[in-house]
Amino acid sequence: MKRRDFLKNTALTAAGVIGMPYILPTGRLFAASGSRIANHVVFCLFAGGIRNLESIQKQEGNLMKGLLSGNESLSPDIQASVAPLPATITSALQSSGTLYKEFRYKSGPSGHYNGHTTAVTGRYTDNSLSLLERPPFPTVFELYRKHNSPAAAASNAWWISHTNELYPFLNYSTYADYGPQYGANQLSPTTFFNNPGRGAFGDPLQHTADKAEKLGKMKEFLNGAFKSSGITMNSGIVNSEEDRARVLAFTDKMFGELSAGQHNDPWGVGTQVMNGDMRNVFYAEKVLQEFKPELLVVNMFGVDICHSNFTAYCDALRRADWAVNHLWHTIQNTPGLANDTVLIIAPEIGRNANPNTVTDINGRGGLDHTSDDAMSRELFALVLGPPGKVNTNKVVSQVTGESIDIVPTIARILGFDSEIGGALPGRFMQEAFV
Amino acid sequence: MKRTYWILILGIVLVSCRKEIRNVYEIDPVHVGQRGSKTHLKSDLQFVSIAYSDLFGRQISTQELNTLIAGYNSVGDKGLVIDLIVRNLLQKPGIVKETASEMQSDPEAFVKKTFERFFIRKPSEMETWFFSDLIRENSDLNPEDFYYALMSTEEYRYY
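Those protein sequence lines, which keep their order, are chains S and A.
Quick note: the first sequence uses this note's numbering, first residue 1, plus one each step.
Quick note: the second sequence uses this note's numbering, first residue 435, plus one each step.
What the hints contain is simulated information worked out from the structure, not anything from laboratory work.
All C-beta atoms in this analysis are idealised placements derived from N, C-alpha and C, irrespective of residue type, glycine included.
There may be inaccurate statements among the hints.
To be verified - List of simulated lysine-lysine pairs, DSS-like, C-alpha gap at most 27 Å:
hint: 1; chain 1: A; residue 1: K547; chain 2: A; residue 2: K526
hint: 2; chain 1: A; residue 1: K547; chain 2: S; residue 2: K217
hint: 3; chain 1: S; residue 1: K389; chain 2: S; residue 2: K146
hint: 4; chain 1: A; residue 1: K512; chain 2: S; residue 2: K146
hint: 5; chain 1: S; residue 1: K211; chain 2: A; residue 2: K526
hint: 6; chain 1: A; residue 1: K512; chain 2: S; residue 2: K211
hint: 7; chain 1: A; residue 1: K476; chain 2: S; residue 2: K217
hint: 8; chain 1: A; residue 1: K531; chain 2: A; residue 2: K546
What the hints assert, rightly or not - Simulated DEER-style distance windows between Cβ atoms:
hint: 9; chain 1: S; residue 1: D126; chain 2: A; residue 2: S495; range: 38 to 44 Å
hint: 10; chain 1: A; residue 1: F490; chain 2: S; residue 2: P335; range: 45 to 51 Å
hint: 11; chain 1: S; residue 1: E102; chain 2: A; residue 2: Q497; range: 47 to 53 Å
hint: 12; chain 1: A; residue 1: I554; chain 2: S; residue 2: A245; range: 28 to 34 Å
hint: 13; chain 1: S; residue 1: E220; chain 2: A; residue 2: Q538; range: 20 to 26 Å
hint: 14; chain 1: S; residue 1: Q332; chain 2: A; residue 2: P527; range: 44 to 50 Å
hint: 15; chain 1: S; residue 1: F428; chain 2: A; residue 2: S487; range: 53 to 59 Å
Full structure from sequences and hints, please.
Okay, structure coming up:
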């Protein structure tokens with residue numbers, strides 16, 4: 001070999017080794033650049049509007065024993081009116097992470113969709129935000145899928161929405177060069193995995209592999225001719241064929257379990273107690289167990305009943321808290337996720353200081369959330385994660401952190417922060433990490 | 435005499451040059467759709483209700499429509515959920531369909547009828563050949579399989 005060729009080959013080999021992605025013992029493949037804190041993030045939007053008075057300040061006693069340490073007894077009228085709940089499946093999560101007691105939603109209308117949009121885009125909104133459109137800025141799902149190296153599949157990003165109205169929009173934005181090709185798999189399980197849904201979607205025509213191949217050829221033939229006419233399809237996010245088969249197998253499995261009655265009371269809390277928030281988290285757990293995504297966002301909403309029923313709000317807060325405690329237990333007992341997942345919990349907005357005129361059975365006034373009320377902007381946040389990565393048993397009591405910090409923090413955890421450096425106004429929630 | 439002659443000649447000319455009036459009774463030309471003329475994406479509501487009426491030959495009920503739309507809005511991958519809707523509809527009783535033997539006995543007629551039913555257009559010569567050949571070569575394929583294939587295409591999402 002000539003000396004020149006030798007040197008050239010050596011240089012190319014060295015460059016290839018440096019640039020080659022690492023294959024970890026777990027089988028996971030990622031590029032050498034972009035160091036990560038953990039390989040999975042679950043963001044739980046503890047949403048619907050929660051005041052710090054009822055959450056971390058425990059004005060009605062400890063309504064959140066799944067998250068917050070302490071055994072403060074509930075106010076007697078509330079205690080007498082709420083549904084019985086079994087003990088949480090694991091001890092209060094506060095000790096496993098960092099609690100921000102004075103987190104803030106600093107700017108923008110204090111509406112639910114504004115709060116959600118801020119939380120998933122890392123940008124505050126204003127009155128121009130349309131409730132009929134997708135966010136105007138890239139969501140955390142798009143930032144992750146576009147800027148992670150290697151590019152992440154849709155099956156690695158999930159948005160589990162409590163309802164199929166409005167909130168499904170949050171799986172991708174209208175921002176140029178982002179959009180559906182980088183969006184998350186959106187699922188609204190409570191409006192899909194139910195009895196009407198099972199009747200409509202639970203018994204699909206099945207094809208053998210041989211027949212599926214023939215049908216695929218037919219579709220390919222027809223689509224090829226149609227595409228040549230210059231028309232493109234708008235089908236939301238698109239999974240790869242392989243991932244689409246996995247998602248379909250998942251939905252079949254869920255409908256099968258639903259038919260067998262396994263979803264009636266899966267946590268043993270009682271069918272009357274298992275509300276929409278709990279069901280949404282239950283299906284988020286199913287997605288986590290099945291797909292082990294790197295990024296999953298799930299929301300809850302039951303506490304919004306507070307507009308008209310303060311006591312029911314307290315009850316919904318207890319159930320939401322119980323569900324998140326269960327969620328963390330599931331994460332820590334799922335191979336591939338355990339000790340490699342950061343869970344971020346935060347409401348999207350707070351609620352007003354003063355009640356409205358609607359009173360409940362206990363004579364408590366309902367609470368709205370208006371933009372000019374400072375208490376509607378006071379939140380908490382809890383960050384849980386592997387010891388050694390996340391600061392455990394830590395409380396940040398002073399005003400620190402805000403809603404727009406969550407997206408940059410997720411970017412830092414998953415190692416694509418440097419790829420979007422400076423693009424977001426928020427900051428990394430450093431206090432929570434070692 | 436000479437004047438009478440010219441009047442006679444002029445009369446003959448006028449009569450012979452009168453335009454013949456012919457009343458024609460016919461059907462206005464029917465526009466045969468082409469795949470390239472479909473440029474409008476069906477809305478979710480349109481897709482589901484058209485799919486239903488194409489299969490069952492009747493309008494979908496409000497309750498059934500609401501259930502299908504609720505499911506459609508619950509899943510982000512619209513291609514996936516459309517596939518689920520179509521495959522579930524194909525399992526339900528009451529579909530208007532040819533038998534497999536009818537399909538096998540005259541593949542070209544079946545292809546023409548199926549294209550007109552789902553695509554509102556005649557198949558091209560290439561399409562007629564492609565699908566007729568498939569029918570002849572694959573006895574395991576039944577009419578529902580062809581309905582499924584056509585309803586799963588991009589063309590079917592447009593009108």
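These are the hints, each one checked on the structure:
no., hint, verdict
1, K547/A - K526/A, "holds (21 Å)"
2, K547/A - K217/S, "holds (20 Å)"
3, K389/S - K146/S, "holds (25 Å)"
4, K512/A - K146/S, "holds (21 Å)"
5, K211/S - K526/A, "holds (20 Å)"
6, K512/A - K211/S, "holds (23 Å)"
7, K476/A - K217/S, "holds (24 Å)"
8, K531/A - K546/A, "holds (14 Å)"
9, D126/S - S495/A: 38 to 44 Å, "holds (43 Å)"
10, F490/A - P335/S: 45 to 51 Å, "holds (46 Å)"
11, E102/S - Q497/A: 47 to 53 Å, "holds (49 Å)"
12, I554/A - A245/S: 28 to 34 Å, "holds (31 Å)"
13, E220/S - Q538/A: 20 to 26 Å, "holds (23 Å)"
14, Q332/S - P527/A: 44 to 50 Å, "holds (47 Å)"
15, F428/S - S487/A: 53 to 59 Å, "holds (54 Å)"
Comparing the model with each numbered hint stated earlier shows that all of them hold.
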